[in-house]
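Chains as they are written, first to last, in this note's numbering: chain R, 1 to 113; chain C, 1 to 502.
The reader is advised that the hints may include incorrect statements.
Stated by the list, open to error - Stretch-level coverage of chain R by chain C, calculated; a stretch enters the list once three of its residues show a Cβ under 8 Å from a Cβ in chain C:
(1) 28-40
(2) 48-55
(3) 80-90
As the list claims (entries may be wrong) - With the C-beta cut set under 7 Å, the calculated list includes, among others, these residues of chain R facing chain C:
(4) V22
(5) L67
(6) I69
(7) I72
(8) S93
(9) L98
FYI, nobody ran anything at the bench for these hints, they're computed from the structure.
Computed from a predicted model, the values in this text were never measured in an experiment.
Glycine included, every Cβ here is placed at the ideal spot set by N, Cα and C.
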Amino acid sequence: MSAATLFGLCAATLVGLGLYGVIAHPQPLRKIVAFNILGSGVFLMLGSVARRGAAAGMGGDPVPQALLITGIVVAFSATALAIALLLRLSEVSGSVTLSSDAPAEPKPDAGKA
Amino acid sequence: MTTTSGGLLLALAILVPFVGVLAGLALGGRNAQRVTLATLPVGLGIAIAVAAALVRSGRPVVYLLGGWAPPLGVALRADGLSVVMMAAVAVVVCGIGLYARADFGIREGEPDTRASATFWALLPAVWGSLNLVFLSGDLFTCYVALELLTFAGVPLVCLEGRGETLRAALRYLVFALLGSVLYLLGCVLLYGAYGTLDIALLAQRSGPGALAWGALALMMAGLLAKTALFPLHIWLPPAHGGAPAPASAILSALVIKGSWFLVVRIWFDALPGVVTLASAQLLAAFGAAAILVGNVVALRQARLKLLIAYSTVAQIGYLFLMFPLVAGLEAAHLDAGPAVTGGMLQAISHATAKAAMFLAAGLIYKSLGHDRVADLRGAGRALPMTILAFALGGISLIGLPPSGGFFAKWLLLSASVATGQWWWALVMLAGGLLTSSYVFLVVVRALAPADEGWSPKAAVPRYQQAAVLGLALCSFLLGAAALSPVDVARIGRPAVVRVGSR
């Protein structure tokens with residue numbers, strides 16, 4: 001089994017774990033972390049595609065590596081946006097849950113997470 | 001592939017809105033509003049100029065970024081579909097911008113609220129991202145454009161900053177991010193299999209096989225989550241519940257059309273040899289379920305805003321009925337162009353009609369102080385132009401002549417009869433019947449005489465009502481596209497859409 005295949009299988013495992021996490025966990029922070037694991041799996045897959053597609057003389061195909069870096073930046077900004085929304089939600093409503101049948105919002109308590 | 005004349009307009013179509021966003025953020029306050037309102041006519045002019053260039057040359061308009069050709073370089077490519085969507089989006093954005101001048105207008109000397117400043121920055125951001133979606137020539141640029149669209153669309157949901165809206169925005173963001181990452185995984189698999197993500201090259205190299213089917217399934221799942229097709233639609237109604245009217249209009253009319261357009265691109269342009277009739281039937285089955293479930297739930301809504309939101313869920317279903325119809329027409333060696341035009345026209349007429357309906361609901365809320373469907377009496381007296389606009393938009397959604405919705409559904413109905421797929425015709429007719437029930441419900445209630453001594457809570461400026469009526473008239477009169485001598489949507493598209501093995 002070559003290195004590229006091993007990394008590809010590892011990437012598939014990460015994708016599976018991340019997908020399970022996003023769907024199964026009700027807490028938003030866990031969903032965001034699981035989304036990052038899922039993203040890492042996809043980026044690792046890009047890396048192994050780059051390795052597998054290396055032409056003679058090159059260590060890796062440069063195009064997937066470029067896509068990979070762009071993807072990391074996009075995922076990072078997405079996580080930043082999600083965390084900002086989560087922080088604001090916790091500030092405003094005092095609880096972090098995505099279910100809409102939460103009871104009436106308690107008075108926003110400064111410093112309460 | 002080389003840059004054609006008029007190619008620079010494609011780059012400008014993307015740059016102008018984003019320069020507007022940056023200038024607005026830098027200048028801040030009232031200037032953000034001025035900058036955004038100034039980009040509206042410029043962007044509309046660019047969209048019309050691209051359309052003119054396309055019709056004049058009869059071939060797709062291409063712009064190579066940096067002069068580098070695909071597969072290593074990135075190409076912007078405008079064919080008939082892109083141009084038609086760009087023009088429609090430009091018109092809707094102008095209408096929403098005009099309307100929002102009253103809702104989010106920043107008056108001289110007053111500090112801007114967070115909601116207004118954010119709105120004036122997000123409107124051109126959504127516009128620029130949509131133009132990028134319509135013009136990308138390769139799938140990874142589409143991914144970047146999709147993410148830009150998500151980042152611009154999510155804050156629109158929680159503009160008011162209340163807990164419930166933040167929750168809805170976070171739910172939308174989780175759905176959208178899951179959608180994009182699945183789409184990206186599909187792109188990775190396609191690159192691994194075929195060595196390119198350029199749409200034209202993929203069409204030549206791709207063929208049926210487990211890897212291609214897997215990639216297609218992943219990308220479709222991701223894009224369907226972003227387009228809110230049943231059963232992945234659950235983020236949409238709560239997102240509309242608390243959003244201000246212009247934000248709802250942008251979300252329903254524009255943002256979901258971006259991911260739908262990508263489904264069309266991938267299905268017909270990037271992977272025509274991979275898709276099968278069975279998979280197209282599956283997509284349309286989801287669409288049919290969306291039409292029936294969305295319309296029935298819309299009938300049961302107590303709030304006008306949520307009624308229109310569930311109506312959006314239903315109308316999105318119509319957009320997916322075109323896939324098996326095109327496949328069926330191709331298999332029978334008939335011209336599949338009308339079915340594609342029908343789908344396009346459905347998208348445009350829905351965009352204009354739904355924007356008009358959401359903005360009308362916003363005006364009704366302003367005037368009545370509430371938007372309960374049961375207590376709409378008096379709205380017709382206070383806002384006659386607005387109720388007319390709502391009715392015209394509703395007529396387009398139902399599909400009555402001479403509206404654009406009628407022409408779109410007529411094309412899809414004749415395609416379904418021509419291919420013998422009569423079940424889609426039944427679904428469309430049932431959908432039209434259900435839609436008409438709640439449109440008539442709202443209009444009849446609104447036209448009922450008000451209680452004694454009732455007067456509107458707030459005055460609504462004339463030009464706001466005119467903007468809403470303008471959008472609704474666009475949707476209503478789109479049926480005139482039937483008389484157009486040039487089928488713009490077909491320019492630059494392959495004459496035969498290959499469908500892979502059954």
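The hints, checked one at a time:
| no. | hint | verdict |
| --- | --- | --- |
| 1 | 28-40 | holds (count 6) |
| 2 | 48-55 | holds (count 3) |
| 3 | 80-90 | holds (count 6) |
| 4 | V22 | 5 Å, holds |
| 5 | L67 | 6 Å, holds |
| 6 | I69 | 12 Å, violated |
| 7 | I72 | 11 Å, violated |
| 8 | S93 | 3 Å, holds |
| 9 | L98 | 5 Å, holds |
Hint violations for this structure: numbers 6, 7, all remaining hints satisfied.
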